[in-house]
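Colleague: Read off the chains here:
There are 2 protein chains.
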Amino acid sequence: MKKVKLGKSIPPLPLPVCLLGAEVNGKPNFNTIVWFNMLHDNPPLIGVAMSKRHYTNIGIKENRTFSINIPTSDMVIVTDYCGLRSGSKVDKSKEFELFYGELKTAPMIKECSVNIECKLINKIDFKNTELFIGEIFEIYSDEKYLIDEKLDASELDSFIFLMPNGPYKKIGANLAEAYKVGISYKPKN
Amino acid sequence: MKKVKLGKSIPPLPLPVCLLGAEVNGKPNFNTIVWFNMLHDNPPLIGVAMSKRHYTNIGIKENRTFSINIPTSDMVIVTDYCGLRSGSKVDKSKEFELFYGELKTAPMIKECSVNIECKLINKIDFKNTELFIGEIFEIYSDEKYLIDEKLDASELDSFIFLMPNGPYKKIGANLAEAYKVGISYKPKN
Chain G
6 MKKVKLGKSI PPLPLPVCLL GAEVNGKPNF NTIVWFNMLH DNPPLIGVAM SKRHYTNIGI
66 KENRTFSINI PTSDMVIVTD YCGLRSGSKV DKSKEFELFY GELKTAPMIK ECSVNIECKL
126 INKIDFKNTE LFIGEIFEIY SDEKYLIDEK LDASELDSFI FLMPNGPYKK IGANLAEAYK
186 VGISYKPKN
Chain H
6 MKKVKLGKSI PPLPLPVCLL GAEVNGKPNF NTIVWFNMLH DNPPLIGVAM SKRHYTNIGI
66 KENRTFSINI PTSDMVIVTD YCGLRSGSKV DKSKEFELFY GELKTAPMIK ECSVNIECKL
126 INKIDFKNTE LFIGEIFEIY SDEKYLIDEK LDASELDSFI FLMPNGPYKK IGANLAEAYK
186 VGISYKPKN
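So the sequences go chain by chain: G and H. The first sequence begins at 6 in our numbering and counts up one residue at a time. The second sequence begins at 6 in our numbering and counts up one residue at a time.
Please note that the accuracy of each hint is not assured.
[What the hints assert, rightly or not] Part of the chain G face toward chain H, derived, beta carbon under 7 Å: (1) 44; (2) 141; (3) 165.
What the hints contain is simulated information worked out from the structure, not anything from laboratory work. Glycine included, each C-beta is placed from N, C-alpha and C at the ideal position.
Here chain G stands alone, though its shape is the one from the complex:
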């Protein structure tokens, strides 16, 4: 085992993929984003770091709402497409069946297994990116993923992106139960 230095770069990480939705100039737009994660539990806050060059940012600031839509494996081609083409050049609003929640201006994608409707509560500026902080207003999923009225996250058929260059990867087999396998661990000290 010999450690090598890779420099100040983008680390290799397996990240979930979303189609970030917002209405820009009255039209729904979607951008493929992997730099998002939870920031806070109660109220649930989610942060999305987006390049300032993205067209979608305009709509997030305009309406102060956005959506995070988690695509299924069979949506990988259109997901990649939404990341390759800017909403300033192409109209991506026709690629999906859309629906809206109570916030009215956060377009969501019916085909996605999970939809997170967010209200923008803050924005933090960096040089090249802005971190949008959204309060989760409602989460939607599909009836078919529920078991005894609870969501079975294992069945969502979402996929991941291996940062920084891909590929997209499926989610694999169960490895271990969380909050459980560590209980019987015997510490070395």
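Assemble the complex: chain G is given as a structure, and chain H must be docked to it using the hints.
Modeller: Same frame as chain G, now just chain H:
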């Protein structure tokens, strides 16, 4: 397809898992964290949202350094253990072989496939969490993961956590090439 509302809750997402390292009162400590992701590209900034109750936070603020260590699948039991037990109660510094980089105070785990050495540049306060913003100072990996001097992220054998309750999952088969499969997509409009 019938959408159901899941309320204002923690969304189901497949997230990478890290052992967050910091020196607390002069002793290395590690905590299992999944709320972390990139915030900025150049310089590379990474954000980690941590419950204020965590013992590790004290060390991050004390030294203004921390590390993000990505465990391999065979480390899943000790990874779960590090999330179950607080450094205020148990000494986790003996569970791993450690090394340090130029920042001197960010303990890193040799057994992990990727180590990200970070310098704290900012901290944003929320009610229950604090978002630590670190500039990536150096990334380390192991010689064995390099192909032609470049890291092959597919070989890292990292795993993911299915938020909110687990299980831990392996990373599965390739699904599609990124920045590529979308090129040939035929838009519907």
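Colleague: Please flag the earlier hints that this structure goes against, numbers listed from lowest up.
Modeller: none
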